[in-house]
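These protein sequences, in sequence, are chains X and W. Residue numbers 1 to 202, in this note's numbering, belong to the letters of the first sequence in order. Residue numbers 1 to 202, in this note's numbering, belong to the letters of the second sequence in order.
These are calculated hints, taken from the structure and not from any lab test. Careful, some of the hints might be misleading.
Pair by pair, the computed Cβ-Cβ distance ranges are [what the hints assert, rightly or not]: (1) W:57 x X:43: 26 to 32 Å; (2) W:181 x X:101: 56 to 62 Å; (3) X:178 x W:8: 36 to 42 Å.
Taking beta-carbon pairs under 8 Å as the criterion, some of the chain X residues facing chain W (in silico) [claimed, not checked]: (4) 101; (5) 117; (6) 126; (7) 161.
Since the structure is predicted, the reported quantities are computational estimates derived from the model, not experimental observations. C-beta: ideal position from N, C-alpha, C; glycine also.
Spelled out, the chains give:
Number of protein chains: 2
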Amino acid sequence: MATQATTDQGKRTRDSIVDAAAQLMYTNGVAATSLDKILAACGAGKSQMYHYFKNKNQMVEAVIERYLETILANQPQIYDLDSWEKFDLWVEQLLDIQRGPDGPIACPLGNLAGELGDDEKIAPLLDKAYREWESHLARGLETLRDNGLLNADADPGRLAQSTLACLQGGLLLAHVRRDITPLVDILAIAIANLRLHARPQA
Amino acid sequence: MATQATTDQGKRTRDSIVDAAAQLMYTNGVAATSLDKILAACGAGKSQMYHYFKNKNQMVEAVIERYLETILANQPQIYDLDSWEKFDLWVEQLLDIQRGPDGPIACPLGNLAGELGDDEKIAPLLDKAYREWESHLARGLETLRDNGLLNADADPGRLAQSTLACLQGGLLLAHVRRDITPLVDILAIAIANLRLHARPQA
DNA sequence: CGACCGCTGTACCGTTCAGTACAACGATCG
DNA sequence: CGATCGTTGTACTGAACGGTACAGCGGTCG
Numbered sequence: 001m002a003t004q005a006t007t008d009q010g011k012r013t014r015d016s017i018v019d020a021a022a023q024l025m026y027t028n029g030v031a032a033t034s035l036d037k038i039l040a041a042c043g044a045g046k047s048q049m050y051h052y053f054k055n056k057n058q059m060v061e062a063v064i065e066r067y068l069e070t071i072l073a074n075q076p077q078i079y080d081l082d083s084w085e086k087f088d089l090w091v092e093q094l095l096d097i098q099r100g101p102d103g104p105i106a107c108p109l110g111n112l113a114g115e116l117g118d119d120e121k122i123a124p125l126l127d128k129a130y131r132e133w134e135s136h137l138a139r140g141l142e143t144l145r146d147n148g149l150l151n152a153d154a155d156p157g158r159l160a161q162s163t164l165a166c167l168q169g170g171l172l173l174a175h176v177r178r179d180i181t182p183l184v185d186i187l188a189i190a191i192a193n194l195r196l197h198a199r200p201q202a
Numbered sequence: 001m002a003t004q005a006t007t008d009q010g011k012r013t014r015d016s017i018v019d020a021a022a023q024l025m026y027t028n029g030v031a032a033t034s035l036d037k038i039l040a041a042c043g044a045g046k047s048q049m050y051h052y053f054k055n056k057n058q059m060v061e062a063v064i065e066r067y068l069e070t071i072l073a074n075q076p077q078i079y080d081l082d083s084w085e086k087f088d089l090w091v092e093q094l095l096d097i098q099r100g101p102d103g104p105i106a107c108p109l110g111n112l113a114g115e116l117g118d119d120e121k122i123a124p125l126l127d128k129a130y131r132e133w134e135s136h137l138a139r140g141l142e143t144l145r146d147n148g149l150l151n152a153d154a155d156p157g158r159l160a161q162s163t164l165a166c167l168q169g170g171l172l173l174a175h176v177r178r179d180i181t182p183l184v185d186i187l188a189i190a191i192a193n194l195r196l197h198a199r200p201q202a
């Protein structure tokens, strides 16, 4: 039980289960997403699901990983933050996604954080996912600092944390409000706050 | 069915049901909070619950109202924002709550927004609650503007929205992380952003 | 005092849930 | 060709779910 997929066929099956679960849980929440609905959505059977996952909780863990992968894949600019202009581009990339046809979309990690933030097992995994996300921002800021674009006494980790918090709040409010204005505004604030620590150029 | 409470006894019963539901739903999420658990927690019977509420969904609506009331009651300073110092006090009040024994606590509205943000019935109610919360901040900023402390061209509504977004993001991250640092930092950013629009004093 | 009505207790219903049991498929490899 | 093993289909279980039915309580007021 809870075996790892070894064949290509198995990997495909496992992946399609996680995909279906990720989509349904994003839209309806974890508790409201039954295993039967997931399996119906991807055409798999229950024995397959319990072949790859010990239980529903372990599937949620896989879904969290999937969320993080998707999030980072949707903002490739985050891997290339070596100038202030790149940070602007990163923000533009985020906003472009939100301006897409699916309207303002929430952060799937944030959704889970709301529902499962007090779950002793899940909360640390969400924290871990957020930290990885944040680490890419921190690395960008370190690059800026190393290139003399950021003050030496600025704390990249803490600035990255604040920037992520801004993003989360903006996404949450934009989603509930069905309007990206709060996200646009708060990202501008986040970037302006970062630039407060810009090193004056010679 | 779904009658309004008329006697004091009835009001007490209804209140205790909403209280129990609010607490359990905050901790475990809406879907994971069964009616039986709620009723067991407050000692009421099922007939009582269905006497005051049409169904579980309508109870969630009552819980949202309760959340807003509790939130505002916990930050009375929000009703008295007529100087920049009062904004600082408001932030201090928020942080004091978070430094309390229950550790970093999430925003109950934010929790529901994560789980039910795509629910056609619930999302507008959350939006409405957030707007009322935000309106108190906006009114404070308008007061500042009328008193010549805020630039005339600043938009109190939009600034209030950004401030609330900061607060939400900070609360979310602080809760998942079990550390209020992100909240402290982002509230400082939020206030600094507001003060950017302070009118230079003569 | 008796009819009314807001309130309460309890037993019950059909459905859905997470999880289990178990047999069988099909490719690979000795 | 037959054993093995990753994989899959189907049928099932006991518990928990939201919601209903209905009788009975206990004040108030005509």
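Contradicted hints - numbers only: 2, 4
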